[in-house]
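Undergrad: Using the sequences and the hints, build the whole thing.
Heads up: the sequence lines are chains C and G, in that order. FYI, the numbering for the first sequence is 1 to 470, going by full-length UniProt numbering. FYI, the numbering for the second sequence is 1 to 470, going by full-length UniProt numbering.
Any given hint could be a false lead.
[Unchecked claim] Taking lysine to any residue pairs in the SDA-like style, the calculated list, with each CA pair at most 20 Å apart, reads:
{"id": "1", "chain 1": "C", "residue 1": "K246", "chain 2": "G", "residue 2": "H223"}
{"id": "2", "chain 1": "G", "residue 1": "K339", "chain 2": "G", "residue 2": "Y41"}
{"id": "3", "chain 1": "C", "residue 1": "K243", "chain 2": "G", "residue 2": "P219"}
{"id": "4", "chain 1": "C", "residue 1": "K246", "chain 2": "G", "residue 2": "G248"}
{"id": "5", "chain 1": "G", "residue 1": "K68", "chain 2": "G", "residue 2": "N449"}
{"id": "6", "chain 1": "C", "residue 1": "K68", "chain 2": "C", "residue 2": "E9"}
{"id": "7", "chain 1": "C", "residue 1": "K216", "chain 2": "G", "residue 2": "G248"}
{"id": "8", "chain 1": "C", "residue 1": "K448", "chain 2": "G", "residue 2": "I181"}
In short, the hints are calculated from the structure, not lab data.
One letter stands for each residue in the lines below.
2 protein chains.
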Amino acid sequence: MKTEILSKEAISRLEEIVGPSFLFLDEETRNYYGHDETEDYVFPPSVVLKPASAEEISAILKLANEYKIPVTPIGGKTGLSGGALSIHQGIGLSMERFNKILHIDEQNLQVMVEPGVVTQTLQEAVLEKGLFYPPDPSSRGSCFIGGNVAENAGGARAVKYGVTKDYVLNLEVVLPTGEIIWTGANTLKNSTGYNLTQLMVGSEGTLGIITKIVMKLLPKNTHNVLMLVPFFNSSQACEAVAKIFKAGITPSALEFMERDAIDWTLRFIDGVSLNIKDEVQAHLLIEVDGNYPDVLFSEAEKITEVLEQFAIDEILFADSEDQKNALWKLRRAVAEAVKSNSVYKEEDTVVPRYELPKLLEGIKAIGNKYGFKSVCYGHAGDGNLHVNIVKGNMSDQDWKTEIPKGIREIFELTVSLKGTLSGEHGIGYVQKNYMDIAFSQTQLLLMKNIKQCFDPNSILNPGKVLPDSL
Amino acid sequence: MKTEILSKEAISRLEEIVGPSFLFLDEETRNYYGHDETEDYVFPPSVVLKPASAEEISAILKLANEYKIPVTPIGGKTGLSGGALSIHQGIGLSMERFNKILHIDEQNLQVMVEPGVVTQTLQEAVLEKGLFYPPDPSSRGSCFIGGNVAENAGGARAVKYGVTKDYVLNLEVVLPTGEIIWTGANTLKNSTGYNLTQLMVGSEGTLGIITKIVMKLLPKNTHNVLMLVPFFNSSQACEAVAKIFKAGITPSALEFMERDAIDWTLRFIDGVSLNIKDEVQAHLLIEVDGNYPDVLFSEAEKITEVLEQFAIDEILFADSEDQKNALWKLRRAVAEAVKSNSVYKEEDTVVPRYELPKLLEGIKAIGNKYGFKSVCYGHAGDGNLHVNIVKGNMSDQDWKTEIPKGIREIFELTVSLKGTLSGEHGIGYVQKNYMDIAFSQTQLLLMKNIKQCFDPNSILNPGKVLPDSL
Chain C
1 MKTEILSKEA ISRLEEIVGP SFLFLDEETR NYYGHDETED YVFPPSVVLK PASAEEISAI
61 LKLANEYKIP VTPIGGKTGL SGGALSIHQG IGLSMERFNK ILHIDEQNLQ VMVEPGVVTQ
121 TLQEAVLEKG LFYPPDPSSR GSCFIGGNVA ENAGGARAVK YGVTKDYVLN LEVVLPTGEI
181 IWTGANTLKN STGYNLTQLM VGSEGTLGII TKIVMKLLPK NTHNVLMLVP FFNSSQACEA
241 VAKIFKAGIT PSALEFMERD AIDWTLRFID GVSLNIKDEV QAHLLIEVDG NYPDVLFSEA
301 EKITEVLEQF AIDEILFADS EDQKNALWKL RRAVAEAVKS NSVYKEEDTV VPRYELPKLL
361 EGIKAIGNKY GFKSVCYGHA GDGNLHVNIV KGNMSDQDWK TEIPKGIREI FELTVSLKGT
421 LSGEHGIGYV QKNYMDIAFS QTQLLLMKNI KQCFDPNSIL NPGKVLPDSL
Chain G
1 MKTEILSKEA ISRLEEIVGP SFLFLDEETR NYYGHDETED YVFPPSVVLK PASAEEISAI
61 LKLANEYKIP VTPIGGKTGL SGGALSIHQG IGLSMERFNK ILHIDEQNLQ VMVEPGVVTQ
121 TLQEAVLEKG LFYPPDPSSR GSCFIGGNVA ENAGGARAVK YGVTKDYVLN LEVVLPTGEI
181 IWTGANTLKN STGYNLTQLM VGSEGTLGII TKIVMKLLPK NTHNVLMLVP FFNSSQACEA
241 VAKIFKAGIT PSALEFMERD AIDWTLRFID GVSLNIKDEV QAHLLIEVDG NYPDVLFSEA
301 EKITEVLEQF AIDEILFADS EDQKNALWKL RRAVAEAVKS NSVYKEEDTV VPRYELPKLL
361 EGIKAIGNKY GFKSVCYGHA GDGNLHVNIV KGNMSDQDWK TEIPKGIREI FELTVSLKGT
421 LSGEHGIGYV QKNYMDIAFS QTQLLLMKNI KQCFDPNSIL NPGKVLPDSL
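TA: Here's what the structure looks like:
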């Protein structure tokens with residue numbers, strides 16, 4: 001893999017493709033596109049390109065094959081696994097000019113959108129037409145929908161509505177070799193050949209560059225009920241999660257936050273205050289939604305009955321839009337708040353939801369063994385627990401040598417509980433060398449061979465997803 | 001590809017693997033396993049094997065690679081695209097002994113099941129635990145759940161609940177080369193490597209043999225409302241479909257039946273009678289489901305308001321379980337009834353649902369051009385229309401030469417409407433040479449290369465899905 005700065009000839013040919021206004025060699029721009037939200041990593045590309053069409057990307061990729069230049073697609077730079085880091089330098093390909101919602105199809109409840117549209121912008125645009133795009137990553141205010149597809153992003157509403165993959169019907173993709181294809185059809189059902197669409201979703205920019213996305217939408221819901229439930233015992237909060245589903249309720253959100261997560265966030269953001277008893281160890285934030293308020297109250301009542309089997313403090317029912325917004329602001333800011341507090345590493349563990357208490361207890365025990373503190377929160381309804389390992393006062397040496405052993409043990413635990421490494425953040429750069437925990441050599445070689453089918457010269461987002469040792 | 005009868009040595013080694021009671025060479029058995037429900041095709045395998053474990057299948061596949069013997073997996077023999085036909089002879093691998101529901105996990109709302117379990121058996125077993133497996137193919141009384149996964153089967157409830165792929169979390173698969181792998185994890189969310197699970201779903205037994213399936217379940221619904229709506233104009237029935245969704249309702253079933261489909265079925269089955277005016281051209285069968293009867297009545301009322309914009313006769317509301325069962329019996333028997341009436345070919349067209357009227361009108365026009373009659377019915381809520389082309393009095397010569405031209409035009413129409421060839425039946429043997437209508441050479445070669453990654457010697461279900469010319 002070529003990692004040195006590109007030749008003058010290559011640069012000049014790239015400039016011809018995108019035009020001089022959209023090719024950047026200056027350090028500031030390269031540094032800006034050299035990081036996402038993954039820890040404190042910075043890997044500046046040699047050159048930043050901002051193409052505006054699938055045809056331009058096709059020309060860039062053909063040239064990249066000719067010169068064997070690594071190409072790293074870059075979205076909203078909110079990734080947590082380092083998928084957008086140009087770890088082998090080369091071309092950093094920003095998708096920000098693909099920023100149009102091409103067609104909201106109110107007849108078929110579909111939208112065709114370019115990948116550089118911010119997720120919240122898409123949500124709001126379809127809502128204006130009475131439609132609902134449910135996937136709701138915490139970074140929705142700045143992440144790109146293309147990045148959501150590439151990472152198979154989830155978020156708080158996945159528990160009822162599914163993740164990004166469940167909404168993607170069809171993708172226009174520029175293959176690493178430069179051909180432009182559609183992966184499927186704009187239909188709700190499809191049994192026509194291998195599912196290239198779902199192979200592309202979650203492939204983290206390693207199999208192709210997505211240039212158009214057709215997604216299904218739902219009719220919007222008109223009502224919801226939101227409650228915040230303080231637990232005196234964290235494990236009990238996790239136990240309550242499976243019990244709620246067992247009672248026949250599917251909440252539209254079921255979020256878990258450890259005490260530290262909520263305390264740190266309350267200090268981090270403005271305008272939200274809560275009166276929490278000292279003995280409270282964790283909270284569940286629970287939402288039910290639908291069109292019939294009576295039904296939602298009845299469901300909230302059933303949930304309350306389940307919760308009363310556990311040691312909880314008084315439940316807070318958000319009784320205004322402002323209060324709902326405040327609670328969601330709190331939940332959405334947790335990641336940033338925890339990270340602002342210390343150097344950290346975040347793991348995106350996921351298990352069948354009933355195993356959550358075992359996972360949480362196991363993580364704390366592993367932390368004790370290796371001497372690290374963790375702050376846990378996440379989408380408990382999906383069994384998806386974000387584990388923030390905070391450096392705090394740990395020595396640099398221990399941080400470097402002990403933490404990877406601890407992380408390995410955490411992942412071994414998730415896999416032993418029938419879970420896996422990542423629920424919604426992807427593997428990218430930072431988790432790739434743990435992939436042997438989830439997959440055998442046979443499985444990893446299958447994936448490597450699939451990558452080879454798409455990208456024979458390994459130019460597209462090299463050094464991601466698959467372990468270095470493979 | 002070797003098509004002659006297997007060598008004595010190979011037979012004797014296969015017998016060692018499965019045991020003499022589970023290897024069959026007699027003509028009756030080979031003929032029985034030589035057909036499914038696809039037209040009148042019969043392709044008997046050279047030998048029928050009935051293995052009972054992944055390890056036996058692994059040994060069979062390793063041997064098949066050694067001798068280059070084609071292997072065709074066989075499920076419930078209800079397929080409509082010929083996926084289970086041993087078109088190159090070789091080994092017919094019946095999965096019927098994989099007939100156990102291994103674990104209904106009431107805590108995580110999941111089930112682990114072997115592929116040879118009949119879909120209805122699975123539905124009923126989980127229902128006893130208060131759980132719901134929604135995919136509901138019309139053949140549910142005899143099809144295998146493994147075949148549903150292989151074909152990505154849909155059925156009447158897909159419109160609200162999705163298709164088989166939306167329930168598959170993880171698969172144990174014997175790869176064509178004999179390795180046994182799991183494709184993913186037992187989690188609702190997963191962003192860990194390429195989605196091998198979804199690559200396997202719908203791959204029609206060409207990429208591996210599924211030996212265990214982990215599926216998610218939902219809490220069961222307690223109530224539903226079912227109505228049968230007679231339309232005086234078929235196109236209007238199709239138009240009403242998109243309007244119902246536009247009104248914010250997501251029915252749990254929304255089925256379309258042309259007049260002939262319903263008439264032929266009423267003659268074919270016992271115990272169901274309906275009084276249908278002569279002028280009625282088509283029916284919609286509409287179901288809403290949930291836990292709150294008041295909500296369902298209100299939704300049924302909203303649907304009625306939409307329907308009253310069209311020329312309809314009186315709506316029949318099924319007011320007892322018996323009447324509901326009778327209407328579903330009618331709907332489920334349509335395929336068989338239509339097929340019992342004549343030699344036929346069935347196409348499984350799918351388009352975005354708003355395009356249904358154009359599709360229906362186009363199909364009739366193509367029929368007029370080529371001189372064939374078609375009977376159409378299917379899952380209108382998904383835009384999935386089954387087109388039964390009946391031979392009737394057409395000459396054998398025209399049937400052979402004209403019909404393929406007509407089918408090609410029908411598929412060209414579906415693709416021009418942003419649809420595709422198959423919504424839920426798969427491509428298999430009978431549609432493979434139409435794949436060039438939906439996919440370019442680039443896409444088809446990608447699929448071929450993926451197949452090659454999994455099955456370097458092309459021993460597994462050869463001659464399916466991909467066109468002969470590739």
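Undergrad: Take the hints in turn and mark each one as holding or not.
TA: These are the hints, each one checked on the structure:
{"no.": "1", "hint": "C:K246 <-> G:H223", "result": "18 Å, holds"}
{"no.": "2", "hint": "G:K339 <-> G:Y41", "result": "14 Å, holds"}
{"no.": "3", "hint": "C:K243 <-> G:P219", "result": "12 Å, holds"}
{"no.": "4", "hint": "C:K246 <-> G:G248", "result": "28 Å, violated"}
{"no.": "5", "hint": "G:K68 <-> G:N449", "result": "19 Å, holds"}
{"no.": "6", "hint": "C:K68 <-> C:E9", "result": "13 Å, holds"}
{"no.": "7", "hint": "C:K216 <-> G:G248", "result": "14 Å, holds"}
{"no.": "8", "hint": "C:K448 <-> G:I181", "result": "15 Å, holds"}
Violated hint: 4 only; the structure is consistent with all others.
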